[in-house]
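Chains as they are written, first to last, in the numbering used here: chain A, 36 to 140; chain B, -14 to 103.
These aren't lab readings, by the way, just hints derived from the structure by calculation.
Just so you know, not all the hints are guaranteed correct.
[As the list claims (entries may be wrong)] Have a look at the derived ranges for each label pair, beta carbon to beta carbon:
id, chain 1, residue 1, chain 2, residue 2, range
1, B, T91, A, S101, 17 to 27 Å
2, A, A114, B, G(-12), 15 to 25 Å
3, B, K56, A, Y65, 24 to 34 Å
4, A, S48, B, P55, 45 to 55 Å
5, A, Q90, B, G(-12), 17 to 27 Å
Using N, Cα and C, we set each Cβ at its ideal position, and we do this for glycine too.
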Amino acid sequence: KDQVFQPSTVASSEGAVVEIFCNHSVSNAYNFFWYLHFPGCAPRLLVKGSKPSQQGRYNMTYERFSSSLLILQVREADAAVYYCACKAAGNKLTFGGGTRVLVKP
Amino acid sequence: DTGVSQDPRHKITKRGQNVTFRCDPISEHNRLYWYRQTLGQGPEFLTYFQNEAQLEKSRLLSDRFSAERPKGSFSTLEIQRTEQGDSAMYLCASSLGSGGRESTDTQYFGPGTRLTVL
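Could you build all of it, start to finish, from the sequences and the hints given here?
Here it is in structure tokens:
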């Protein structure tokens, strides 16, 4: 079965680097997508691709079956749910269950 | 606001009733997707349109579910004879796709419609 795995919760202190690890069993998946979701709002894409990439404070690592999202200099305002998703051929995304990031001041 | 919009944002209905949700994608986007999200889970793919053609449907989309995109713009998702298990957040997304099956276009999500079936 095609699945994406990520931790349910990651806790950190303000100013640190938060790392969220994601791996998958999605057949022929070749791209990762990382979304940020605040309750009541639309999920927002942070970074995507099939190679390591960076968008502002967000870094994405890439391996064939895994990716990590690194949030640099994390702030209290970054406390939210982060979703990892994979895309194989075709256009549907397969999502993980989401990682809740907790940030201590 | 030129993002993806969904209406209504919340819907409470009684078991057995029919409900219909609407999604307005970003105006120039040719691809439109529906996902369902239950509490504590990530979004699960339901179906996908390219223009007005429905190109892919998940096995999650039972016979009680039907989606349309008649003019290649807005889309509706109808659930007939709702069941308590249909209670979920229904998310719509759109993208501008120019490639084939290996495109990496970004899917932009709407805020979702939360359905509660009593």
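Verification of the hints:
no.: 1; hint: B/T91 <-> A/S101: 17 to 27 Å; verdict: 21 Å, holds
no.: 2; hint: A/A114 <-> B/G(-12): 15 to 25 Å; verdict: 23 Å, holds
no.: 3; hint: B/K56 <-> A/Y65: 24 to 34 Å; verdict: 33 Å, holds
no.: 4; hint: A/S48 <-> B/P55: 45 to 55 Å; verdict: 52 Å, holds
no.: 5; hint: A/Q90 <-> B/G(-12): 17 to 27 Å; verdict: 18 Å, holds
Consistency note: the structure conflicts with none of the earlier hints.
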